[in-house]
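Enquirer: As you go down the protein sequences, you meet chains D and G in turn. The first sequence begins at 1 in the working numbering and counts up by one. The second sequence begins at 86 in the working numbering and counts up by one.
Hint data in this document are derived by calculation from the structure and do not stem from the laboratory. For clarity, every value in this text was computed on a predicted model and none was experimentally measured. All residues carry an ideal CB built from backbone N, CA and C; glycine is no exception. Careful, some of the hints might be misleading.
DSBU-like cross-link-like pairs, simulated, lysine-lysine; straight-line CA separation at most 35 Å [unchecked claim]:
hint: 1; chain 1: D; residue 1: LYS62; chain 2: D; residue 2: LYS12
hint: 2; chain 1: D; residue 1: LYS14; chain 2: D; residue 2: LYS62
hint: 3; chain 1: G; residue 1: LYS187; chain 2: G; residue 2: LYS104
hint: 4; chain 1: D; residue 1: LYS62; chain 2: G; residue 2: LYS187
hint: 5; chain 1: G; residue 1: LYS104; chain 2: D; residue 2: LYS62
hint: 6; chain 1: G; residue 1: LYS88; chain 2: G; residue 2: LYS104
hint: 7; chain 1: D; residue 1: LYS39; chain 2: D; residue 2: LYS12
hint: 8; chain 1: G; residue 1: LYS187; chain 2: G; residue 2: LYS88
hint: 9; chain 1: D; residue 1: LYS12; chain 2: G; residue 2: LYS104
hint: 10; chain 1: D; residue 1: LYS39; chain 2: D; residue 2: LYS14
hint: 11; chain 1: D; residue 1: LYS62; chain 2: G; residue 2: LYS88
hint: 12; chain 1: D; residue 1: LYS39; chain 2: D; residue 2: LYS62
hint: 13; chain 1: D; residue 1: LYS14; chain 2: G; residue 2: LYS88
Taking CB as the label site, the calculated pair distances span [claimed, not checked]:
hint: 14; chain 1: D; residue 1: VAL22; chain 2: G; residue 2: ARG216; range: 24 to 34 Å
hint: 15; chain 1: D; residue 1: ARG41; chain 2: G; residue 2: VAL98; range: 41 to 51 Å
hint: 16; chain 1: G; residue 1: SER108; chain 2: D; residue 2: ASP67; range: 49 to 59 Å
hint: 17; chain 1: D; residue 1: GLY42; chain 2: G; residue 2: ALA101; range: 48 to 58 Å
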Amino acid sequence: MSTRLLYFAWVKEKTGIGAEEVDIPAHITTVAELMSWLKGRGPEFDNAFARSEVIRAAIDHKHVRHDAAIRAAREIAFFPPVTGG
Amino acid sequence: MIKVQQEDFDIGVEIARLKAGRSDIGAIVAFVGTVRDHAGGRDVEEMLLEHYPGMTETELQRIEAEACSRWPLQACLIVHRYGTLAPSDNIVLVLTVSEHRKAAFRAAEFLLDYLKSHAPFWKRESGPEGRRWVEADTRDEAATAHWDKPKHAAE
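Please put together the full structure from these sequences, using the hints given.
Expert: Structure representation (C-alpha cells):
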C-alpha cells in the first residue's frame, strides 16, 4: 500500500524531506510501529524519531494517538507539538 | 469562518464585514496575537510560521464548530497567518459575535486555547543568538482540559 508521509518543523529538518510516497510493509499496523520502522531507514530518520514519544501524528488531517491503526490511511504526518496562535 | 493566509489582516475591516447587513448583534469580542521581539530570554528578529496546508483549515473548522455547539454565537471568525513575520506583526485574529457578552468572551477564550494546542502551526524564531523552534507550552494543553470540566447550566 502506497501512503503519503509528511514531516513538519524540526522533524522535517532532521529527516531532510517534507513529503514522500512510501510502501509501508503489511506487518506494520500502528503509528508507533511505523515510527520504529522509519527510525531504521538511516541516520537522519533515526535522529528525527529519537524522541518518538514527543512526536505527534495525524492521519488524513486528524490528530491520532500512537496506537492508532494506519491501515486505511491515505496520508500520515509527523510533527512536534503545535505552537500556533 | 476560517481564513489561513500569508497576508496581514485588518481587524476593523473584519469587524465591519461581520456587522454588514445585520443589526441584531450585541457583543463582539476580539483577540489579536502578535509577534513579540523577545521570548525565552532571547531577542527575536524574525518568526517563521510553518503550517500543514489542508489540516490547518480542517482543524480550525472543527474547533469553530465545537465553539458554535457550546455557545449561542451569531458569527465566528478565525484568521491565522503563516510565513515570515517580524516583531509587532499580527499572527492570529479570533472574533466571536453573540447577542450577549458572556458567550462571546467564553467562546473566544475556548477558540484560542484549542487552536494553540490543536491547529498545526509551528513557530521558528530567529535572532542574534540563532534560530530555534518554539517549544509547545504544556500550559496550553492544560488549558484545553479546563474546558472539559462539567459546566453549570447557566453557562
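Enquirer: Hint by hint, note whether the structure agrees.
Expert: Hint-by-hint comparison with the structure:
The hinted pair formed by LYS62 (chain D) and LYS12 (chain D) meets the criterion: a straight-line CA distance of about 19 Å does not exceed 35 Å. About 23 Å separates the Cα atoms of LYS14 (chain D) and LYS62 (chain D), which keeps this hinted pair within 35 Å; it holds. Note on LYS187 (chain G) and LYS104 (chain G): the hinted pairing holds, with a Cα-Cα distance of about 19 Å set against a maximum of 35 Å. Proximity of LYS62 (chain D) to LYS187 (chain G) is assessed by CA-CA distance (about 30 Å); at most 35 Å being required, the pair is judged to hold.
Among the hinted pairs, LYS104 (chain G) with LYS62 (chain D) is consistent with the structure: their alpha-carbon atoms are about 33 Å apart, no more than 35 Å. The hinted pair formed by LYS88 (chain G) and LYS104 (chain G) meets the criterion: a straight-line CA distance of about 18 Å does not exceed 35 Å. At roughly 14 Å between alpha-carbon atoms, LYS39 (chain D) and LYS12 (chain D) fall within 35 Å of each other, so this suggested pair holds. A hinted pair counts as satisfied when its Cα atoms are at most 35 Å apart, and LYS187 (chain G) with LYS88 (chain G) qualifies at roughly 25 Å.
At most 35 Å may separate the alpha-carbon atoms for a hinted pair to count; LYS12 (chain D) and LYS104 (chain G) exceed this at roughly 42 Å. Annotation: proposed proximity of LYS39 (chain D) to LYS14 (chain D) holds, straight-line Cα distance about 12 Å (limit 35 Å). Proposed proximity of LYS62 (chain D) and LYS88 (chain G) is supported: the alpha carbons are some 19 Å apart, at most 35 Å. Straight-line distance between C-alpha atoms of LYS39 (chain D) and LYS62 (chain D) comes to about 23 Å, which keeps the hinted pair within the 35 Å bound.
As the CA atoms of LYS14 (chain D) and LYS88 (chain G) are separated by approximately 30 Å, the hinted pair is consistent with the 35 Å bound. Remark: the range hint 24 to 34 Å for VAL22 (chain D) to ARG216 (chain G) is upheld by a beta-carbon distance near 29 Å. The hinted range of 41 to 51 Å is satisfied by ARG41 (chain D) and VAL98 (chain G), whose Cβ atoms lie roughly 48 Å apart. The given range of 49 to 59 Å is respected by SER108 (chain G) and ASP67 (chain D), whose C-beta atoms sit roughly 52 Å from each other.
As the Cβ distance of GLY42 (chain D) to ALA101 (chain G) is approximately 54 Å, the hint placing it in 48 to 58 Å holds.
Hint 9 from the list above is the single one not met by this structure.
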